[in-house]
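Letter 337 of the sequence shown, counting from 1, is numbered 337 in our numbering, and no numbers are missing.
Don't read these hints as lab results, they were simulated from the structure.
Remember, it's a predicted structure, so these values are computed and weren't measured experimentally.
Possibly wrong hints are sitting among the right ones.
[Unchecked claim] Okay, derived cross-link-like pairs now, DSBU-like style, lysine-lysine, Cα gap no bigger than 30 Å in a straight line:
(1) K97 / K78
(2) K325 / K284
(3) K41 / K74
(4) K225 / K240
(5) K284 / K266
(6) K276 / K240
(7) K325 / K360
(8) K325 / K309
(9) K371 / K311
(10) K513 / K555
(11) K311 / K409
[As the list claims (entries may be wrong)] Distance windows between CB atoms, simulated:
(12) K371 / G540: 19 to 29 Å
(13) T219 / D83: 34 to 44 Å
(14) E516 / A316: 48 to 58 Å
(15) V359 / K284: 15 to 25 Å
(16) T449 / Q481: 28 to 38 Å
(17) S253 / T182: 50 to 60 Å
(18) R427 / V186: 48 to 58 Å
Ideal Cβ positions, reconstructed from N, Cα and C, are used throughout, including at glycine.
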Amino acid sequence: MKRILNLIALIVTGAVTLSSCTYNELTDSYGELNIIFDTEKVSLNAGESIEVPFTVTGTDGAALDFEPSSDNSKIKCKLSKIDYDNAQGVILVSASKTISSDLEAQVFLKVSDSHHRKLSRFVDVSVTGNGGGGSEDEPGGGEKGDDDYGDLGIFFDNSAPTINPGQTLEIPFTVTGSEGATLELVPSVDNSDYSCALGKVDYVNYQGTIKLTAPEVITEETTVKVSLTASDTHKRSLTKSVSVKVKASEPLSITVLGEPNSMAVKAGGSFTLSYKVLNLAPAKITGTPTVEVSSGWSTEVSVSEDIIKVKYNAPASIGQTLEIKISATDDHNRKVEYSGSIFIVEITTTAGAANCHIVKPGSTLTIKAVKGNSTTALEFDNASLVWQDAIGLVSSVSGNGNEGVVVVKLADGKEGNAVIAARDGDRIVWSWHVWVTDYNPEADIFEWTDANGNTYRYMDRNLGALSAQKYSKDALGLMYQWGRKDPFPGSDDVESQIQKRMYDINGNQIYMKIEERPTYNDNTSTNLQLAIEHPDVFYGAPSSAWPVVDWLTDKASLQNNDLWGG
């Protein structure tokens with residue numbers, strides 16, 4: 001703390017004298033305060049009052065507290081006409097009627113601020129006595145009356161506060177001029193949808209916060225006024241306000257879960273899609289959303305919280321595109337619309353149940369949506385491409401949960417591999433490997449008979465390979481994580497350690513994900529389900545699983561070296 005003591009004496013023409021003394025406490029990061037009086041000396045008669053204007057400089061935006069005083073009990077002083085924004089005001093100096101002889105006194109102004117700086121200056125006061133004295137009984141050193149207290153001041157530390165929907169904002173404040181009186185502090189806000197209360201308050205220094213809470217949903221940006229009223233038993237009362245900018249809630253929007261580009265349907269059949277209303281909570285959809293569709297189609301609509309489920313019923317003659325427009329309103333009268341189109345693929349003959357399908361380029365594959373080779377039907381509403389290893393290999397992927405099929409259209413003249421998924425909204429429920437090749441798996445079969453007379457038949461190439469030629473990169477085929485049904489692309493060349501590239505339906509390159517699997521109490525079943533839902537993720541075991549380094553389980557007794565039945 002730096003302390004400066006300045007003694008200044010100014011001698012002014014004509015016996016007018018101003019003597020002033022300053023005592024300034026500084027912090028290390030703020031400059032000096034200064035008090036400037038507009039007059040060098042004041043003179044008045046007994047029983048009169050006079051105004052002494054002043055300005056405080058060097059405030060650096062701090063909240064100020066002004067305290068006037070006098071060294072003579074017959075000289076009263078109090079604050080008047082205070083402009084806290086510009087740190088200006090007036091000291092009203094009053095001389096008692098009982099002053100019979102001329103006297104000299106000093107009027108002090110003490111300034112302190114929220115940065116713990118203090119400064120005191122005084123002005124000389126000359127009083128001409130009335131000769132015989134007045135009738136006023138004014139004993140020196142008496143207690144202050146209500147009129148002897150200065151003005152209160154209220155300062156908010158944040159001049160431009162902002163609040164978000166559902167947020168609680170703390171607005172710091174300082175009340176000055178208490179002069180030892182006990183203050184009552186009452187916060188308020190001009191909008192009944194908002195709640196307002198005092199936060200933590202230091203009643204010694206009268207500093208604290210107002211806690212303002214905004215409603216969860218705000219339809220448009222606005223401003224509210226937060227006020228603080230300070231009052232005491234000396235009949236002083238002051239109300240100051242601060243404007244708070246309120247941001248609007250994020251606008252509503254609708255997205256289709258799974259984001260399917262196309263859907264499969266047969267003439268007169270149907271399919272169902274789910275749509276999510278984003279940024280809705282805690283609001284709710286009111287009524288039933290309206291859905292407009294292409295001519296001949298009809299819809300059935302249901303709502304559950306923020307999910308709009310639409311069943312689309314196809315006409316006897318279906319076109320290639322279905323145009324859709326959905327409109328909904330929430331209980332805050334916010335409206336939201338969705339417009340889109342879906343390519344329609346007609347369902348053809350369904351292939352047999354399998355985890356892998358071999359198809360020729362340019363063909364259309366209709367997959368029976370069951371788990372592997374079983375008859376267990378899947379619950380899903382759309383389908384998508386997980387990856388393909390050649391750009392443009394897959395033209396479209398369309399699902400239909402109502403019919404229990406996934407339809408895959410393949411481009412002419414392209415060979416490669418892809419993984420196709422059935423999805424319930426955004427969640428994958430099952431996936432299939434599609435091997436696109438002109439290869440006939442029944443040709444060039446290699447047979448081997450063991451010592452017990454059991455004969456085994458083998459293809460002449462790896463799964464997913466496009467060639468059986470020795471040392472050809474096309475003969476590499478696919479890679480599998482032990483026991484998992486979904487493949488990953490292998491190397492891009494015979495002596496390469498770089499994985500063959502993968503692409504999405506639009507031809508953008510995507511990458512295999514490598515993640516550490518979670519640890520579950522059931523040890524196996526949850527990890528198995530996790531692997532099914534994420535066929536594009538290669539799972540590693542956590543270090544805590546050592547020495548059982550397995551994607552499926554932490555327990556050696558649960559490991560299975562015959563996961564594929566081989």
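(message) Given the hinted pair K311 and K409, is their Cα-Cα distance within 30 Å?
(response) Status holds; Cα separation ~24 Å.
(message) K41 and K74 were given as a pair; does the straight-line alpha-carbon distance stay at or below 30 Å?
(response) holds (18 Å)
(message) Between the beta carbons of K371 and G540, is the distance compatible with 19 to 29 Å?
(response) holds (26 Å)
(message) Within 28 to 38 Å: is that where the Cβ-Cβ distance between T449 and Q481 falls?
(response) Holds - the Cβ-Cβ distance for T449 and Q481, about 31 Å, lies within 28 to 38 Å.
(request) With a cut-off of 30 Å on the C-alpha distance, tell me whether K325 and K360 pass. (result) violated (37 Å)
(request) State, for the Cβ atoms of T219 and D83, whether the hinted interval 34 to 44 Å holds or is violated. (result) holds (39 Å)
(message) Quick check: does the Cβ-Cβ distance between R427 and V186 fall within 48 to 58 Å?
(response) holds (53 Å)
(request) Take the C-alpha atoms of K97 and K78, compute the straight-line distance between them, and say whether it is at most 30 Å. (result) Given that 30 Å is the threshold and the Cα spacing comes to 17 Å, the pair holds.
(request) Measure nothing beyond the straight line between the CA atoms of K325 and K284; if it is 30 Å or shorter, mark the hint as holding. (result) This hinted pair holds, its Cα atoms lying about 20 Å apart.
(message) Check the hint pairing K371 with K311 against an upper bound of 30 Å on the C-alpha distance.
(response) holds (24 Å)
(request) Please work out if K276 and K240 have their alpha carbons no farther apart than 30 Å. (result) violated (45 Å)
(request) Please test the hint of 50 to 60 Å on the beta carbon pair from S253 and T182. (result) holds (53 Å)
Violation of the numbered hints given earlier is confined to hints 5, 6, 7, 15; the remaining hints are satisfied by the structure.
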